[in-house]
Every structure is written in C-alpha cells, then in structure tokens.
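> Sequence:
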Amino acid sequence: MSRWKYHPLYLRIKFGCKQILLPLIVFQFIRTIFVPTSFDVILLGLLALLYVAIILDWL
Numbered sequence: 001m002s003r004w005k006y007h008p009l010y011l012r013i014k015f016g017c018k019q020i021l022l023p024l025i026v027f028q029f030i031r032t033i034f035v036p037t038s039f040d041v042i043l044l045g046l047l048a049l050l051y052v053a054i055i056l057d058w059l
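Heads up: the sequence shown begins at 1 in the numbering used here, then just goes up one per residue.
Mixed in with the good hints, there may be bad ones.
[Unchecked claim] As a list, the in silico EDC-like pairs of lysine to aspartate or glutamate whose alpha-carbon atoms are at most 16 Å apart:
(1) K18 <-> D57
(2) K14 <-> D57
(3) K5 <-> D57
No lab work stands behind these hints, which were simulated from the structure alone.
Kindly produce the complete structure, drawing on both the sequences and the hints.
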C-alpha cells in the first residue's frame, strides 16, 4: 500500500497549472471578445476544458 494517493510532484504541478490557467482563460476570453478568430475560440475552449478537468479531479 502506498503512502500517498498521488505523487507530491504531480500535486505541485497540478496546483501550479490551476493557478496559471485562470488568468490565461480571462486574458483569452477578453482577446476572443475583441478579435474572435477560430484559433482563439478553440484555444479558449481547450483552456476552459483543462481547467474544469483539474477542478473536477479528472486529471
């Protein structure tokens, strides 16, 4: 039986990504409102999906 459910390095990386993703999503959302290109919309969707996956513990 292992001591931790997840490796501590994985938890640090996950927490760091969670802190970085929210400002990136806000910036991308503002950019998408002013200059909506297909790439911006897809990137915003991927960032939001990744953030939700981290919040809901899917990753």
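> The structure should be examined with respect to each hint, and the outcome stated for every one.
How the hints compare with the structure:
1. Note on K18 and D57: the hinted pairing holds, with a Cα-Cα distance of about 11 Å set against a maximum of 16 Å.
2. Only pairs whose Cα atoms come within 16 Å are accepted, and K14 paired with D57 is accepted, the gap being roughly 10 Å.
3. Our distance criterion of 16 Å between C-alpha atoms is met by K5 and D57, whose separation comes to about 13 Å.
Violated hints for the displayed structure: none, as all numbered hints are satisfied.
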